[in-house]
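Make a model of the complete structure from these sequences and hints.
Respectively, the protein sequence lines represent chains Y and P. When you number the first sequence by our numbering, it's gap-free, plus one each residue, and the end is 358. When you number the second sequence by our numbering, it's gap-free, plus one each residue, and the end is 983.
Hint data in this document are derived by calculation from the structure and do not stem from the laboratory. Everything numeric in this text was worked out from a predicted model, so none of it was measured. It is possible that part of the hints are untrue.
Lysine to aspartate or glutamate pairs mimicking DMTMM-like chemistry, simulated, CA-CA at most 25 angstroms apart [to be verified]: (1) 60(Y) <-> 838(P); (2) 638(P) <-> 346(Y); (3) 638(P) <-> 327(Y); (4) 972(P) <-> 439(P).
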Amino acid sequence: MTIETKISEHLKQKENGNGEEKYSSKDFSSDQDVRWCPGCGDYTILKQVQKTMPKIGVDKEDIVFISGIGCAARFPYYMDTFGMHSIHGRAPAISTGLKVSRPDLSVWIITGDGDSLSIGANHFVQLLRRNVDVNLLLFNNQIYGLTKGQYSPTSPEGSTTKSTPFGSIDHPFNPLSLSMGADGTFVARTMDRDPRHMQQMLQRSHQHKGTSMLEIYQNCIVFNDGAFELFTDRKTRPREAIYLEDGQPLLFGKDNEKGIRLDGLKPEVVSLEDGGYSKEDLWTHDEGDKTKAYLLSQFFDAPAPGETQMPRPFGVLYAVERPCYDEEVSNQIDAAVEQKGQGELDDLLQGPETWEIK
Amino acid sequence: MSVQNKVQEEVTIRFAGDSGDGMQLTGSLFTNTTALEGNDLRTLPEFPAEIRAPAGTVPGVSSFQLHFGSKEILTPGDKCDVLVVMNAAALKANLSLLGSGGIIIANTSGFDKRNLNLAKYETEVSPLEDDSLADYNVLEVDITKITKESLSDSPLGYKEVERCKNMFVLGLLYWMYNRPLQSTITFLKKKFKDKQGIANANIKVLKEGYHYGETTEVFSSRYTVKEASLKPGTYRNITGTDATVLGLVSAAHQSRLPLFFGSYPITPASDILHGLSKQKHFGVYTFQAEDEIAAVSSAIGAAFGGSLGVTSSSGPGIALKGEAIGLAVMLELPLVILNIQRAGPSTGMPTKTEQADLMQAMYGRNGESPIAIVAPRSPADCFESVFEACRIALEHMIPVMYLSDGYLANGSEPWKFPETKDLPEIEVKFEPARTNNGPENGETDKFLPYVRDKRFVRSWSIPGTGGLEHRVGGLEKEDETGDISYDPDNHEKMVKMREAKRDKIAGFIPLQEIDNGVENGETVIVGWGSTYGSIRTAVHELRQEGMDVSHIHIRYLSPFPRNLEKLLKGYDTVLVPEINNGQLVRLLRSELMIRAKGINKIKGRPFGVEELKKEIKNGIGSSVA
Ligand code: SF4
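As structure tokens, then:
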């Protein structure tokens, strides 16, 4: 008898889904009052997650949300699924234990830039390299909200915050490059102000087998309002943001009048209006291309002198299949059972050598 | 000269040599043969602190001590009767452990100029040649040379030949103690199944050692140690580590739960990880985490999902796990934390033993954070103790700290192992699914995760169970609903509730027994953990001398057995020997108002029986502040 069947003995028999949506988004909202500051970006993320859940076709009782500490970490309390609000930075480790022992569950990690990139950075990179089949939603607001406004590991250099009255001198993390460096298999970005895109990205995260790292630009209206305004504001978004689609050329601008072209490994912004370049000349997005995904993740820092600013990419930068840790653990157990036979406790207790006392 | 045959009641042999001399193997093979001959025994290996300390130096010495006899043997022995030294460094490191008049078997090749230098002997003359060893019975044998000569026709290389020399020692001791060679020969054949040449060479040298004893005249005596009167049954030899591994697998088996073990390597706990990772065919999940915090966190995650979640470490790692253990206290999930204690504080002395983490286990977390504590008392007892730790965790939905130590983990003794059918069942009930949860079906039927039973234990409501969707977390929670609450009265109630829940365990553990002695006597020696063997032996001997002294050994340290206070109040003097600066003694004073007095040793080594007897005699009658 495998571990899974052992556990499932205790579980009720599950009906097979018939493809229709069994739930509405309301079914995923718990009876708790939501207590974020009015206008916080977290509200819309919660709403999009609640809207997406019915679409992923997983029974409510098989979904678990696990968070660490921070404003975002309250999230599980508002979802009517199983949930754990754990300790600072450790949600990836808790989720690893849960998913390894319960591969039947859909596990979602809710974390923030402080939680996952500072105190829990170790667990964050380990999760990605192991490729545990869980979804990680990184609410990035570039600030510590819950502790009332200190700079975070994603705050830009020079940020003036409560703990950096003279400006931050910390060089910030680039979460997507970090994820690429940790050999993440699914690296994506979305923003709180684009609900439709966020829903798509949440679904893609669910569909991906392995750790899905979805960074969500989230506005902290109280301590860091407008941090992502360039990308979220309808006026500036067309020129500052670029939406990625697999197999499609990299186009942006109000009327898709601009594109990105690769000169060797050097990206450059080109105009499609002056007749110099056409769509065929542009970089075609390939989610399976690691080098190019890394280049895209580097559309982040301010440009070097003489170079043009690249638009910030949103969408799936990188998505590939690689064996998942949780599955490999189970495979190893199955292989051991196959090879040695199901363990007999009496043999183990007896050990290799015994003697009789009469 | 004829060889005399003497009968001995007990003997302690210490094998010491360079890490590369194979002393651990020699010791354990002698142990196996001794066990098969029916002696009672205890062993204790000691390894160098450095992985590859330079050969020939004192830090590079590895030793193995075996105490065996025809009587009850409960310690690896205070002083040894026979000391085998493969080189000068081994002598230097171990001479203080040899009893006066003891036998030294010295490998003379290990005492050349180079070895003397490496061992930092200041004199030019070998200690074998000056009269510094006059109080001992020194037997000099050129073991290296004889081994080489014996294998002169062997096709093996120089190094492989040299490596056989420990078998010569083993053969020689087998002759000295009238032991058969057969089980060792069988072992060697099996171990080197695919390397016939090596097996044959080792067996040849083993026999050479035996014949050397028979034919040379350096030894005037042979010894016989008769069978001990152990309880009838089938026995095996077991280390504390192996007993812990077996106890965990058994607890998972008896609770019908998967075992999830999250751990991070640390001396001396890593061997549990090694042991469990071999048991995958029992469905055991082992996870070598990125750090101590991830290790305990993963176990909490697994426990949330319905597994027996276990993590292990030693003191420094337990400190790192503190916050997560507090989370498990709040979540009221079962969690077993193994602390294989070592000498602290900080990194301390990783390879040396100590019992100094009791206060850490009791109080070492933020806030009021009560957990249960269980401590094994001997290598074989690790089995039952860790089984009990799992039982309490699962049946009471609480973290349980298992406090073993390096001395227990590495030591070994014969074990009359149980059969599966004799193991107790561990009662685990997951909360069953509900069909009509939710406000739309009436608030009354809402699932309440923090409703308790008579023992104040909440239900284990695992994901995947319909209608039980709920949230838990580290924030203070409202009674019954588990919702976040900052209500002052609720907080006080919950703090007291978690403590009461821990205290209720006292109704589900055995009453404290007196190990040896009488109720309401003059003096009682109260111990916990690995001091058991020394205390039991010391008390036994003191009682034979006519003293009114009893022995109580506490396995359940939190909560204490419910009769402990009354029991202890029946003695005039309560003495508490510990390998620390006084921790149980403080608990007995503060929790039970017992006027207890400590006997403390903090040298990274267990109590010797003689020193303990002396301390007990000193302690009796002395005033208790
Ligand atoms: S402090 Fe900022 S991030 Fe936190 S809830 Fe308020 S607005 Fe949201």
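Here is what the structure says about each hint:
The suggested pairing of residue 60(Y) with residue 838(P) holds, with an alpha-carbon distance near 22 angstroms, which does not exceed 25 angstroms. Taken as a hint, the residue 638(P) and residue 346(Y) pair is honoured in the structure, with Cα atoms around 16 angstroms apart against an allowance of 25 angstroms. At most 25 angstroms may separate the alpha-carbon atoms for a hinted pair to count; residue 638(P) and residue 327(Y) meet this at roughly 14 angstroms. Distance hint between residue 972(P) and residue 439(P) is fulfilled; the C-alpha atoms sit about 21 angstroms from each other, no more than 25 angstroms.
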